[in-house]
Amino acid sequence: MIYVETGSEDVYFNFGLEYYFTMEKRLPEPVFLFWRTTPTLMVGKYQNTLEEINGPYAEAHGIHIVRRMSGGGTIYTDLGGWQFTFIDYGDTDEIHFQEYIAPVIDALRALGIPAEFNGRNDLVIGGRKFSGNAQYKLGGNTVHHGSLLYATDIAQMVEATTVDEYKILSKSIKSVRDRVTNISEHLEKPLTPEQFKEHMISFIMRGSDRRYELTEADKTRIRELAAERFDSWESKYGRNPKFSIVRTGRFRGGKMEFHLEVKQGRIADAAVYGDFFASQKADGLAQALVGCVYERAAVQKKLEECGMQDAVYGVTPEEMAGVIAE
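Just so you know, we're using the numbering used here here: the sequence shown kicks off at 1 and counts up by one.
Treat the hints as calculated values from the structure; they're not laboratory data.
Beta carbons are placed, not taken as given, at the ideal position from N, Cα and C, and that holds for glycine.
Derived CB-CB ranges, DEER-like:
hint	residue 1	residue 2	range
1	Glu194	Tyr57	24 to 32 Å
2	Glu194	Glu261	49 to 57 Å
3	Pro114	Glu318	36 to 44 Å
Calculated cross-link-like contacts (lysine-lysine; reagent style BS3-like; alpha-carbon spacing at most 27 Å):
hint	residue 1	residue 2
4	Lys301	Lys281
5	Lys219	Lys236
6	Lys129	Lys189
7	Lys219	Lys137
8	Lys301	Lys137
9	Lys255	Lys129
10	Lys281	Lys302
11	Lys302	Lys137
12	Lys137	Lys236
13	Lys301	Lys255
14	Lys25	Lys137
15	Lys197	Lys25
Work out the full structure, taking the sequences as your base and the hints as a guide.
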């Protein structure tokens, strides 16, 4: 594995760097990144940005907004938190978290922190979340990234996010404050954020000093990608049409919300939102529904014909059809 120091606290640059080393500059071994950003709201690929964030608050406090290339929910991060990324080269379409989460848990336990994986995509301490993980496939390669609340401003995180009431009620928790925690509160011996970073890198890299230093040519191209793919209105907010029917399903793999325009018994337009995880096939999910008869069996058949059997992690075409045309 090769470590790459991003040298930046700009979220658009750092996501541009992820894309660059996934699609344009392949290193001889898998890549590991450990980075942080100025205050930022990271929205999941399939989410409706306007429904997930407190826009006026974010604007007033200079909080950046970015859409990840991965699924999952919206997170808040700042200079008190850290992000980690694994870029694994290889031809696979399967979503799998454990192999990338395990070394992070081991590194935390080496500090005496009783970190655990909750079985979907979160890491917790005593049931309280401190890390969300997401994964996506690009060009046959796997990008797994996650957040670590280390000394994050929880009050600002609460103000900046619009929390889906279902997520709180379904876990019998009264507030966001009750279900999250900072890693720094659980350390046996205090560490600065920078000391924590060095420990995590050293442990996960197993003491290896294999590194790649960014060239000026790399940085120039990464800035171009950042502007094109992450720091534009279209990438942050995208198409946000109004629909006549909204169907919501909550599955083992996450929440899915189907926005449908139905005319003369057929689906005329569609959009899909949610905090689910999916392969690249799912990018065609909404389009696959267009033109389909608005009936459960027809919807299921169309989804299966379009290869959606394993497109969404933990959700089958039959389950989706049951929600879309219930």
